[in-house]
Structure formats: structure tokens, C-alpha cells
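Line by line, the protein sequences give chains A and B. Note that the working numbering has the first sequence beginning at 1, numbered continuously upward. Note that the working numbering has the second sequence beginning at 1, numbered continuously upward.
Simulated from the structure, these hints should not be mistaken for lab results. Some clues are possibly wrong.
For each label pair, taking beta carbons as the anchor points, the in silico distance ranges come out as [what the hints assert, rightly or not]: (1) Arg113(B) x Phe334(A): 53 to 61 Å; (2) Ile15(B) x Ile711(A): 44 to 52 Å; (3) Arg448(A) x Arg113(B): 20 to 28 Å; (4) Arg448(A) x Glu190(B): 31 to 39 Å; (5) Leu11(A) x Ala61(B): 42 to 50 Å; (6) Arg448(A) x Ala32(B): 42 to 50 Å; (7) Phe300(A) x Ser21(B): 41 to 49 Å; (8) Ser21(B) x Arg13(A): 25 to 33 Å.
Fair warning: this is a prediction, and the values are worked out from it, not measured in the lab. Quick reminder that beta carbons are idealized off the backbone N, C-alpha and C, glycines included.
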Amino acid sequence: MLHKRFILRQLTRSGNQAAVFVLCVTLSILTIVAVNGFSESINRSLLRDARALHSGDIILHAHYPFSPALLDAVADLEAEGDARSLRIYDFYSVVRSPEGEKTLLVDLKVVGPEYPFYGRVELASGRTFRSVLAPGTAIVEQALLDRLGLALGDRLHVGEAVLTVTDVVTREPDRPVNFLSFGPRVIIDIADLEKLDLLQRGSRVGYYLMLKLPERTNLERTAEKLRSAAVAGQERVETYRTARSRIKRFFDNFLFFLALIAIFTLLLSGIGIRSALTALLKEKERTIAVIKAVGGTGPFVVGHYLAVVAVLGLIGTALGLILGFGLQYSLPLFFGNLLPENLHLVISWRAVLEGLVLGILVVALFAFIPLHHLREIKPSAVFRKESAENRRSAPFYLAALIIFLFFVGMVLWQLKDMKIGSYFVLGIVGLIVLTGLATQGILFGVRRLPIRSLALRQALRGLFRPGNATRAVIITLSAALAVVFSIYLVEENLDAAFVRSYPADAPNLFFIDIQPDQVDAFSDTLGMTPRYYPVIRSRLVSVNGERIDREQERKRRGDNLARPFNLTYRDYLLEDEAMRVGDSLFREDLEGLQVSVLDTVVEMKPMAIGDRIRFNIQGVPVEAAVSSIRTRTKESIKPFFYFVFPEDSMLRKAPQSIFTAVRVDRDEIGAVQNRIITRFPNVTAVDVTQTIAAFADIVHRFSLVIRFFTIFSIIAGVLIIISSVLATRFARIQEAVYFKILGAKGRFVLTVFALENLAIGLISALLALVISQAGSWIISARVFDIAYRPNPAASLLMVLATVLLVIGVGLSASVSILKQRPVIFLREQTEE
Amino acid sequence: MHVLEARHLTKTYRIGEREISILEDISFGVPAGEFLVVEGASGSGKTTLLTLLSGLDRPTAGSVWIGETDITDLKEDELAPFRNETLGFVFQSFHLVPSLNALENVMLPAELRGDPRAPEKAEALMKRVGLADRRFNFPHQLSGGEKQRVALCRALVNEPEILFADEPTGNLDSENSDAILDLLLALRKEHGATLVMVTHSPDIAAAADRTVTLRDGRIVGERRHAA
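Here chain B stands alone, though its shape is the one from the complex (with noise of 0.2 Å):
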């Protein structure tokens, strides 16, 4: 059974008179629990897909499916909510509310759901990634680090089914990097959530179940690593 699923997905732009395919009829099918990598060269449409399957964009033909929902059908005002109940976020450039704190930040999905023990929930979190002591300090008194540990606090504060993550480590070294993704492996297991992760990175694709790889818009290779 899959708990996300591409149905031909195509994605097209339009500038000026001409018209530019990011993403040509792709599917597949993601089942609950994976940990699913879509890799490929800058360029090759990885992010689109990535904003495509989280309903953060919508496609140009193609449909997504989350578990029994077509989300490509729900307004925009559905898929909000949708997307704060079954989706969680990591971001390259970390993406932080710069006028919250640490713990505001990883509190406000929860808040948003209107769950009473937001405050709880995410100071157990906080307390988990070792940032309990610097959960009253704002985005720009956190390092890249502290940065990413927060925004995987706050993408699994509503205990997502699926956890969406864009370059996590792109703009960490290489000690954060390994620290993050030791993280968010053990947080997903932990959680048993299903991870879609892009990246370019053959270290992370290697601890995948799975790795797609995408080339000029179109599914070019499909890999299973043993687990």
C-alpha cells in the first residue's frame, strides 16, 4: 500500500512565448515507512517534484495521492490544513520564523492544529536534539546546525506521516551534516514516518531504501539498497 503516490505528473512553465517542462509524466509510488531519495544534477526538476508530491505547487497535469487523497484536487484553504496534519518540512536554507524563538518556532505547527500540548511536545523534542538550553534564542542567534536541529523539531512536532526534506545538510559542513542526518534517521524511525528526501549527496542516497534518480525532467533510474 502506498502512502504517497505520483500518477504522471508533468510540470511546465511558461516564459513569455515559450514554454520550458521541468517534469515529464512521472510516477511512482512511495510505501509507508521508506525512506525514499530523489537525486540528480542541479537542474534536473528534484525540488519541483519535491513541491509537486508536498502540494506546495501544483502540476500541470498528473495527480498526487496522500493515502486515500488526491491532493491535487483540495483548494488551497484544504490543503493547509492537510498539509499541517500529514506533511513535516526540512529545508535547505533551514526556513525559521525570524520573529520566534527556538521554541515558538518548533511550537507553531502544533499551535496552528490548535493541539493544547504544543508547549510539551515541543520542548520534548527540543530536550531530544540537545537544544534545550537554547530554545529561547531567536533564528539569528543559532548556528546552521542549531538552525536544522530546530527545523526538524518543528517538521516533526505534528508526528507527520510523511517528511519531506530538501537538501537538509546543503548548507552544513560535513560534521553538522553527519550529526543532522544521524538525527533525522534516528527521529524518523522513532516517529515511523516516511521520508522523501532530494539531495545530490551519494552518502545519504546510500542510506536510502530507495533512490530515484531524476535527469531532464524524467525518472532515468531506480535503485533499492539492502537494508
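Only chain A is shown next, with the shape it has when bound in the complex (with noise of 0.2 Å):
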């Protein structure tokens, strides 16, 4: 039976502690919800427009024209009037101002002319999409106009035409305007298609058929008739609800982080929560005491504290739903025109009820070690003023086990990912584990310091004060910190590396779809003999007769095998290879074809060398044993192939396009450019520095969203800082009291406290930086292969920042100490 004016008069008498309990409750599934709300607006918004987002009902795709049978299939369909289709041609492409001094790489699509079946092009006339494309004109975005200095109406050269540009596209249904793409958009009637003559044999181009179905037409299974007549492995058909957009590809790949980001502050608040909880109920021990004394039972104490604990981790949970539901609110402002056109937010039961059941566990495992130690009070602690150590026992291992667990289960709840979730998991443990290490070695060097000044002392005595969760504070803001740095460090690198410097001996200029037969006459025009690279599109099969699981791969979120791939043919190593296994590239021990297969091939599917790789060269099947494994020795911009089969092979006669890179003086590269692109309009010239500029603008807008989420993990160590003031305000009390009635000044006391924070301060942010500095460096070292710049000028900022923060918490948390007369002390000491 429980007594509620028992619990009432415990909730309304618990004062600050009850109110940081509740904060790191809220804070805990704060994050999760925002994330897991905006994912699940994101998916449904997508799913409610996924007909305007892919444009049709029955998307198919492939990156070569398609098979003639299942151009059959469609037009079977189309005459017995079940199917309307259009064709789009989506690729990248240099075009060209009037007078031919600016050029410029452009995301072109050329549309049929029912484009789009669902959904609206919006332009900035206003005009309907339909009435100003017309053959001979292209719509562009702002961006074109203002990089190449034209104005609508002007001309503009694409490939071998000269458009007219008529408008200004400002959103797209399948698109938002400016996502991820590496140049304006430029769209173009079907009807000029063959008059731009860009489209080559083997050249780089996402071929589109959009089917539009009549009402109550059976979706999948006019999907799966298409798909018995497609190239399998080579075209894809895809329902509206099937098909995940490169919106979706990419949110998915996104929130997957701030998913991660989540769980980190989760595992930081569930520190917070332990901390509050047990500095509020060591304020009740002597109140647990009395009631034992006159003869309350321990089942009573833990059932009633239970009960408060649980009124409290569920006025957390419901502000954490409110706060967090206003988090996903507020994400669009981070994203702008990223987002999918009409998305609508929304608060969905489910997420509601996740929450809850979230907010319930995280206090229930984070709750039980305190609550469990109630049972240990005894009645004669009335007697004592200073409270029992905890000892830990059992029940303290089987509660760590069980939150361990419980962690590694939301890491793969939220994550669906086995090996990055095991990865993950790992890395946090390592993580907080080496943070906890370094933190109990540096505080057994910091009791053992012979120190004169007083205040230093005593301040540096104060972090051990019993009660005081010092370690807890230092562990929690290094590893959150370290996290946060550590993001930022990485990004000023490759920053510093890429953009604001490019790496001297890299290659900046790509040359995309060079024809063999042109290449005599490139070198001429180009003025130099690059190295070229013939590149043979196909995709991956089976290995050793296993068929690759296409949709099982796409499901990776890296590299997978189910893409297009890239062969070449040669017989020597790149100057950033070498032999993984075997000594040469091909062997004579081999019969029949052979190809050299990249390491990172074989991280995806273990092979080993005799092994039989079966491919679709664009329709035709080739077999080939692996010979060798090679690796890169270095990451660089510079071109790389995973399979490589030899100079002589019957690939010299597979439909091909050539590719190069060369280094050119910077200021060179427009002429360079336009003296290509005018002599052969197919081929497609990447300036490099600018497009890593316009991934690094992305990245940068991504990791600010990233590291803005990872600021709520260093709110977890604030509201711990704020517990552990609170906690341990009767030993602060008496030390202010004492020194006063010794003859110290209040300046005196408020040093101390000053000196006691900035050392916690300095601590947390010096094994951050440590930490970071390393994580960033191995990163940037091994990960990028780019020379690394400590950034001492941020480094010292953090700090700064870091110690004014902990200062400025503890020393606010600490006013009412400070104020604190001794003779009122004195008195209540007395009187007990």
C-alpha cells in the first residue's frame, strides 16, 4: 500500500536534485525522439510523394541504353494502352557560354516531352513548366546564369547545340533544387538530344523510363512482368513504393549518424541520471534513517522511493517527448532546400510510445543501483552525519551488465547495422573506458602533488571530497568533448588539405568519355601525352557461381557490389599500388581470362586467388579468375580501378570510353577547358578543386547539424557538475563555513571553488584534446592520407572555453554556498 502524502511531500521537498534527475532523464531521450521523429516524417513525406519524387509509377533504370526486349515489354504495355512512359537522360556535362571564354560542368537532364508525370516543376517566371520547354531552349538554374555571367535569352553551348535559356527552374520534384549535385542543373528537351551529340558509347549517363499506370492498373505485377524482361543485373525496375531516391539514400545515410550521435547522449545522461538520483537520495538518507528507526521496512523505503523516482523519470520522459518533438521542429531551418519538397512534420503515437517505453527503461536501469542501496541504510545512521561508502557488490555488476546490454540493444535498434552497430559499440566502450583510465591516473596524480598554495590545495582536495562525482564530470565532458573536437579537427583537415590548399602533386583536371579515337587529337589539343585509362562499364555477376544478392548489397551503406563497375585493362602497377597476394599482376599458371581485383573488393566478398568472377559487360557475359590482389598504398585524388584485366584481353573490344587526369596551373584550367570542350563536345571536364568545394560546402553544413546534436552530450556533464555541487553542499558548507570562522576573506572560499571547477575544467578539456588530437590525427593519417594541422589556435580555444563553462556552472551552482552565514551553520550543527 502505498502512502501517497508520502510521496507528494518526498517530490515537493526533493528541491534542485529532483529537477537535474529530471533534466538528464529529458536529456536522455531528447535526441533519440528528435531523430527518430524527423526520420519518420522524412520517410513518410517521402512515401506520400513518392510518385512526384521518382516522376512515374514504374521507374526503370540502367546506365547503358536499354535492351531491346525490354523496350518491347514497354511498348506491348503502351499499345495495349495499360502504360504511358517517358524517357529521361540524366548526366554530367560541360557547357559553354556564347563566345566560348566560360565554361562550366552542369547536372544535365534531358526530358521527354510528358515530363513530369507527378509532381510540378516550379520556375521563376511562374509559367508552367510545359509552355517554355520547348525544343531549342533550356531552363537552367540561377547558378548557371550568375557563373557564367548570362542572362535568359541568352545562348548557351551544350555538346554540339546552341540553346536558348528561357527560364530559371527553382524546384524540381525529383530533386531539390542544389542537393548534392556537383553543378547547376540545366534541362533540355528530348528533341534536341541527338543534336547535343553527347551521348557516346560507354559514356557516363543514367538512362530513365518512366511508366505511368492507369488507376487500379496492378502495380507489381506489371513490375514484375517488365523485370522477366529486363538485363538482369544491368536494368532495374522499381515501383514508386519500392525505389529509395537519392533524398531517401541520402537521409538515411544521415540520420544513421545523428542516430549515433543520439545514443552517445543517451549513454552520457544514463551517467547523469545514476549521479542525480544518488545525490538526491543521499539527502534522504537521514530521512530513510528515521523511518527505518520507527519502524518503516525496507520494502516500504525502496517501494515508496520507487515511486518518486518513477513520478519524476516520467515527468522527464514527457518533457524529453516536448522538447524532442520540438527538436525535430526545429531541424529544417539546419537543412534549408534540402528537404523534400512538402515535408509535412509530424508527431506520430508510435514515437510517443518509443519515447515512453525509452524514458522508462533508461530510469529503471539508471535508477536501480541507488535504489538498491536504500536496502543497505540502517535505522543508526540517524546518529551519524557523514553517510556509508557504497560498496560495490553483485547487484552493481548484474546492473552494469545489464546496461551494457541494453546499450548494445539500442545500438542496433537505431542502427539496423550488425557490423558498424558491433563497431560503434566498441568504440564508445574504448572510448569511455580509456577516458575513465586516464582520469583515475590523473587524479592519483593530482592527490600526490606537494602543493604550497593554500586555495590550490585546498581546491584540488575538494575533488575528492566524498559525494563529489568528480570522475563522473571529467569522463563524461572529455568523451563528449573529444567527440565534438574531434569532428570539427577532422573537417578543418580535409578542409585545409583539399580546398583551401589542393595537394601539389594531384591531379586536377578530369577528362570524362574520351572516345578511342579521339585520343590522338586530345593529346594535341591538350599539348601533352596524359596517361590514359580505358574504362569498360559492367557490373558483377556471381563469384565462384554465388550470384551476388543485389538487393542485400544495395542494403550495405558503403561501398557494395551490386553497382556499375569500372574495368580497365593493363599490365603494370599504378605508382599507388602494390601486390597484396601474388607476386605479379597475372599469372601463367592460370588458365584462360584473368583480372587483379582491389583489396577493398575482396573486404567486401572474401576471394582469394583462382577464384571465378563472373561479369556483364554490357549485356555480354565474361568469366575471369583472379590473379592477384593489389592495394592502394596511399588515398589521393588520383584514379583508381578495382578490377583490372590484362593489356591483350578480348576487353581492347569492348565498347569503351577513355579516361584521364592531368595537373594543370590553376589559372590555366578555364582555357585548358574550353579548348577541349569546343574541340570535342562528348567529353566531360571535371575541375576537381571546384567540386570538392562544393562537397566540402555540403560536408560543412552537415557536420554543423552533427556537432550541434553532440552538444547535448556536453549538457549530460553540465547537469552532472550541477548534481555533484549539489550533492556534496552540506561538505561545501561546512569547508566555506570554517575557513570564515579561521579568518578567510569570501574572496578566499570563492578561489577554492573557483580553482576546484577550473581544475575539473582543465582536466575534462586537456584529455579531450589529447584524445582528439590523436583520433584526428590517426584519421587524417590513415583514413585520408592528408598531412595533419593540430589547429593550436581551436585547441586552445576549447580549452578556454571548456574551463570557462565548468566554471561558470560550478561557481552558479555554488551561490547559495557562498552566501552561507557560519553562525547559521554553527547553530544547526549545534542544535543536532
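Two chains, two frames, a set of hints: combine them into the complex.
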């Protein structure tokens, strides 16, 4: 039987500690609720607008011209009135201004007359898309006009054609403007496609056929019929319900990272929950001892405080839900026009229920140990002023194990990826263990420091005050700061290495889709003979007879075997390649066609010498035996190939294009591009420095969002500081009063408390600095192979900001302690 | 010449609408070197009087003079160094800083004063009270008697003019009580300090030079004892 009045009394008189506990619970679920809610809203919007996002009911997609069989099947459907179709070609090309002095890489979209079947293309003029787009015209993005210095009505050279710019596109139904694109959009009518003369054999083009079905037509059955006609592994047939758009793929990946941060915050808030609750219950120890002394049983005490914790936990959960959904609504501010059109943010019952269950679980798990400790409070504690030390017993270790399993479960639930989930768990556990051990070591040393200054000595002694959560504060703050600062440092280093100063030896101009018969003329025009790489587009069919499971492969977060691969042929290793298995690229003891594979492929699917890989090279099946495994000696902006065939193999006869990469003086890039594009309109020239700058901008925007989310984990650390000050309030008042009685001025007491917080802030910041510098250095050197810049100015700023934050929070929480009059404290002590 | 003088001291507290009088118009003087005991029943206002005399609290009316200084006129930050240099305290509940060891507790007032000889002075006092081998122990590692000896050393380390003691033996058994009292009196003599002690122990009162008796916040009696 619960005594409601008792519970209410405990709730209303728990004061600041209860508030900190509630805030920790709030914080633990806030980011997860926000990320999950946002994720669900995106998915719902994408599903609701799926037809518009794909411009059709059924989407056929290939990187080669469609096979006659599939085109026949589509024609049959159209003949029977079961579908209408429209074609779209999507590829990058370089366009020129009328006088040819300026060139620009653009994202070309050539569309059939009925485009779009669903959704609306919005134009700056407000006119309808179809009334504007006519043969001989181009609709472009504003960025193109700005960069080429053109205006509406001006002419634009696209391939061999000269088109008139008639309008500016502000929104497309199947792609938000600016969405991860390396060049502005240019939309052209399909009637001009041949005039452009840009589609050569082996060019990198996205071929699309959109089908619109009459109402009540069985979507899946029609799609299945088309699938049976499509070339397996080369032509994809998907419905608007199943296709993962680029937007969806992007958000899946991005929200995945936010989920990682959310779990990290949850874990650190958990430490806060435990810390705050321990402090809260410590304050109640004497009350509990009195209750037990007057006959209250252990179950009575635990039961009632469980109810108190449950009520506070529910308040925290409710707050977490409200703020989480609030945060979800503020997320679009960060993303701007990258979000899908008509995104409706929703609060679903599922999300509310998930948040509620999560809140209850988090409170139950992290509150278990402090509540369990209540059983150990003896009635005799009424006679003691200091509380007994918490001993670590079997239930402590059991709870720690359950918390760990819960954490692993959360990771798998949120990330839905066993491999990355395991890495994440290992990484976070490693980070916390590392910060824990380092903290222990530093505190061990600090305790033994011979210090002459009284204020500093007393401040450092304060770190070991019983009940002080010094270790929890340092671990939480340093782990959170290490993550935030590492993200910043890596981004800064990438920016410095690739954007601000492009690597001196890296090629900066890539030429794609050179035709084999253009090579000599190309070298003449370029004024040098670079290394040419033949490129043959293909797909992987099977390895040792085992078919590549495309559905499964596409679910991989990183690279996958379902995508098209560029094959090449040569008999030598590149400068940045080395043999990993085998002595040479090809062997004499293998029969038939051979292929040398890059170790990246072997990481996706284990392979050994002699294994047989089956390729589909534009409809022609080709099987080759693995002759060697290569590795890259450094990650650089140089061309590399996963599959290399012998020079004299049958691949020479396959449809192919040529690729080359050259280093040109920065000032000459424009002129070289112009020369090439004017003579070879089919060739795409990519200014890599510009592309990387565009990419860096996108990375920067998302890095900001990730850092914003990580700040919540720092708030967990701040809450633990407040809880720690509140938990040691009595000891702090005691110290402050004794100092004052013995003749210390108020400033001295303030200095002692400030120095104590300075020590906590400084240890946390320096620990975070060492971990983030080491981590970022490893990532920069090993993963990106770039020179590392430690960024001392930002490091100093981070340390300063952390120290100021900790001192500010610590002293604010101590204001009432500093104001305490000695006589009142002495009287209370004497009365007892 | 009085080293300490209370002039018409009054202390009242307001609890809600109610005003409670603790001390009413208390006046007396303490000559240098005297051992004065303030006695009285619980609630008579003894401890409040001690806190007013030592500048730990301010009177509602009246003043406290220590030498030529009216300490009721001093601001909090002026009073603190004055206390440090002129006064010493011994409390019933010891009030040692838990995070400092015994030696550091003794050194504390001297260090606050900026005395470079704080360690030597503290070591000498600890040796004098027989705690040299316990100097690195923390308060929770000491017995009640040992804690009070440390508190005694701390009170004397700055060689104060006046020593205030509030029931210094109240938390000790009789054996330790006697030992502490003997030590307190001996050290007082050695340092030539004036001692003002609050107690309701008749044995201690008998050892004093003079006894002032309080009842309901007023002085109701004063006795001089033969030397």
C-alpha cells in the first residue's frame, strides 16, 4: 500500500536534485525522440510524395541504353493502353557561354514531352514547365546564369547544340535544387538530344524510363512483367513504393549518424541520471534512517522511493518528448532547401510510445543501483552525520552488465547494422574506458602533488570530497568534448588539405568519356600526352558461381557489389599501388581470362587466387579468374580501378571510353577546359578543386548539424556538475564556514571553489584535446592520407571555453553556499 | 584594561510575525589574561553570546569591543582577518575540515595569515599535545579526544589574544574531558591568552577566574573564584 501523501512530500521537498534528475531523463531521450521523429516524418513525406519524387509509377533505370527486350515489353504495355512512358537522360557535361570564354560543369537532364508525370517543376517566371520547355531551349538553375554571366534569352553551348535559356528552375519534384550536385541543373527537351551529340558508347549516363499506369492497374504485376524482360544486373525495374530515391538514401545515411550521436547522448545522460539520483537519495538518507528507526520496512522505503523516482522519471520523459518533438520541428532550419518538398513533420503515436518506453527503460536501468542502495541504510544512520560509502556488490555488476546489454540493444535497434553497430559499441566503450583510466591516473597524480598554495591545495583536495562526482564529470565532459572536437578537427584538416590548398601532386582536371579514336587529337589539343585509362562499364554477376544478392548488397552502408564497376586493362601497377597477394598482376599458371582485384573488393566479399568472377559487360557475360590482389599505398585524388584485366585480353574490343586526369596550373584550368570542350563536346571536363569545394560546403553544413546534436552530450556533463555540487552541498558549506571562522575572506572561499572547477574543466578539456588530437591525427593520416594540422588556436579556444563553462556552472551552483553565514551553520550543527 | 567588552548587547530573532529575544542588554568586560566561564541552562543564550563576542554574528543592538576595535562596526571582509589574527576557537563538535589532514588543519589559520613558519609552528604544537605521529591522519581517522586536541592546536597556532571555547568537552568522555581541559588551561597559560568558555560543567566553572551566569538571555549572577 503506497502512502500518497508521503510520496507527494518527498517529491515536493526534493528541490534542485530532483530538477537535475528530471533534466537528465529529459536529455537522455530528447535527441533520440527528435531524430526518430524527424526520420519518420521524412519517410512518410517521401512515401506520400513517392510518385512525384520518382516522376512515375514504375521506374526503369540503367547505365546503358535499354535492351530491345525491355523496350519491347514497354511498347506492348503502351499498345494495350496499360501504360504511358517518358524518357529521361541524366548526366554531367560541360557547357559554354556564347563566346566560349567560360565553361561550367552542369548536371544535364534531358526529358521527354510528358515530364513530369507527377509533381510540378517550378520556374522563377511562374509559368508552367511545359509551356516553356520547347526544342531549342534550356531551363537552367540561377547558379549557371551567375557563374557564366548570362541572362534569360542568352544562348548556351551544350555539346554540339546552341540553345536559348528561357527560364530558371526553382524546384524539381524529383530532386531538391542544390541537392548534392556538383554542377547546376540544365533541363533540355528530348528533341534536342541528338543535336547535342553527347551520348557516345560507354558514356556515363543515367538512362530512365518512367511509366505512368492507369488507376486500378496492378502495379506489382506490371513491374514483375517488366522485370522478367529486363537484363538482370544491368536494368533495374522498381515501383515508386520500393525505389530508394537519392534523397531517401541520403537521409538514411545522415540520420544514421545523428542516431549514433543520440545514443552517445543517451549513454552520457544515463551517467547523469545515476549521479543525480545517488545525490538525491543521499540527501534523504537520514529521513530514510528515521523511517526505518520508527518501524518502516526495507520494501516500504524502496517501494515509496521507487514511486518517487517513477513520477520524476515520467515528468522527465514527458519533457523529453515535448522538447524532442520541438527539436524535430527546428531541424528544417539547418537543412534549408535540402529537404524534400512538402515535408510535413508529424508526431506519431508510435514515436510517443517509443519515447515513453525508452524513458522508462533508461530510468529503470540507471536508477536501479541508487535505489538498491536504500536497502543498505541502517536505522543507526540517524546518529551519523556522514553517509556510509557505497560498496560495489554483485547487484552493481549485474546492473552494469544489463546497462551494457541495453546499450548494445539500443545501438542495434537504432542502427540496424550489425557490423557498424559493433564498431560503434567498441568505439564508445573504448572511449569511455580510455577516458575513465586516464581520469583515474590523473586524479591519482593530483592527489599526491605537493602544493604550497593553500587555496590550490584545498581546491584539489575538494576533488576527492566524498560524494563529489569528479570522475563522472570528467569522463562525461571529456568523452563528449573529444567527439565534438574530433569532428571539427577532421573537417578542418580535410578543408585545409583539399579546399584551401589542393595537394601539389594531385591531378586537378579530370576528363571523362573521351572516345578511343579521339585520343591522339586529344593529346594534341591538351599539349601533353597524359596516361589514358580505358574504362569499360560492367556489373558483377557472381563469384565462384554464387550470384551477387543485389537487394542485400544495396543495403550496405558503404560501397557495395551491386553497383556498376569500371573495368580497365593494363599490364603494370600504378605508382600508388602494391601487390598484396601474388607477385605480379597476372599469372602464368592460370587458364583463361584473368583479373586482378583491389583489396577493397575482397573486403566486401572474400576472394582468393583462382576464384572465378563473372561480369556482365553491357549484356555480354565474361568470366575471369582472380590472378592477384592489389592494394593502394595511399588514398589520394588519383584514378584507381577495382578490376584490372590484361592488356591483350578481349576487353580491348568491348565498348569503352577513355579517362584521364591531369595537373594544370590553376589559372589555366578554364582555358584548357575551353579548348577541349570546344573541340570535343562529348568529353566531360571536371575541375576537381571546384567539385571538392562544393562537396566541402555540403559536408560543412552537415557537420554543423552533427556538432549541434553532440552539444546535448556536453549538457549531460554540465548537469552532472550541478548534481555533484548539490550532492556535496553540506561538505562545501562546512568548508566555506570553517574557512570564514578561521579568518578567510569571502574571496578566498570563492577562489578555492573556482580553482576546484578550473581543475575539473582543465583536466576534462586537456583529456578531450589529447584524445581528439590523437583520433583526428589517425583519421587524417591513415584514412585520408593528408598532412595533419593540429590547429592550436582552435585547441586553445576549446580548452578556454570548457574551463569557463565548468567554472561558470560550478560557481553558479555554489552561489547559495558562498552566501552561507557561519553562525547559522554552527547553530544547526550544535542543535543536532 | 579590558581586552574584551560587551556593551548593552541585545539579540532578537524574527520567526514569522513573532519576535524572539535571545539576549537582552548584556554588558561586561574581560581583562587580559582572564579565564571567564559563561554558564547557564540550555537555551539561556550562552552560545549566542559567544558568537556575538567573537564576531561570528552581529547583535541587534549594542556593541562588542576587542581592544580598541568595535568589531560590530567592521565589514565581513575586515572581520575575517581580524578574527584570524586576534581570536582562536574551540568547538564542541571540533569542526575540523574533513578534507585536510591533522597537520593541515592546524596550519590552516597560519597559512590564511600568510605566515611562512606555519608548518613549523603547527608541528611544534602537535608535538606539544602528543599528536606528532598522528599529524598526517585525516579527521575521520582520529578519536574524539584527538580531534579536540587538533582543534586546540589550530586555535592557538596564530597565538591569539582571546580564545573562545564552546563546550569543548561536551562530546568527550570524562577521561578525555579532563585531559583536554588540563591541556587547554596549560596552553592558555603558556600563550598568555584570555579564555572565554561556554559550559554547563560546574567542575570547569570552578577552575575559572570568574563565572557569569545567564538565564533567559540576561546575566543573573557573577562569581569570582580564588586563584
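>> Looking only at beta-carbon atoms, does the pair arginine 448(A), glutamate 190(B) fall within the given range of 31 to 39 Å?
In response: Holds, at about 36 Å.
> Regarding arginine 448(A) and arginine 113(B), is the given constraint of 20 to 28 Å on their beta-carbon distance met?
Replying inline: holds (27 Å)
> Between phenylalanine 300(A) and serine 21(B), does the C-beta distance stay in 41 to 49 Å?
Replying inline: holds (44 Å)
> For the pair arginine 113(B) and phenylalanine 334(A), does the Cβ-Cβ distance stay inside 53 to 61 Å?
Replying inline: Between arginine 113(B) and phenylalanine 334(A), where Cβ atoms are some 57 Å apart, the hint holds.
> Taking 44 to 52 Å as the hint, is the beta-carbon distance of isoleucine 15(B) and isoleucine 711(A) inside that range?
Replying inline: Holds, since isoleucine 15(B) and isoleucine 711(A) (Cβ atoms, about 47 Å apart) stay within the stated range.
> Can the suggested window of 42 to 50 Å be confirmed for the beta-carbon pair leucine 11(A) and alanine 61(B)?
Replying inline: holds (43 Å)
> Does the Cβ pair arginine 448(A), alanine 32(B) satisfy 42 to 50 Å?
Replying inline: holds (45 Å)
>> Against the range 25 to 33 Å, how does the distance between the Cβ atoms of serine 21(B) and arginine 13(A) compare: consistent or not?
In response: The hint (25 to 33 Å, Cβ to Cβ) holds, given that serine 21(B) and arginine 13(A) are roughly 31 Å apart.
In the structure shown, no violation is registered for any of the earlier numbered hints.
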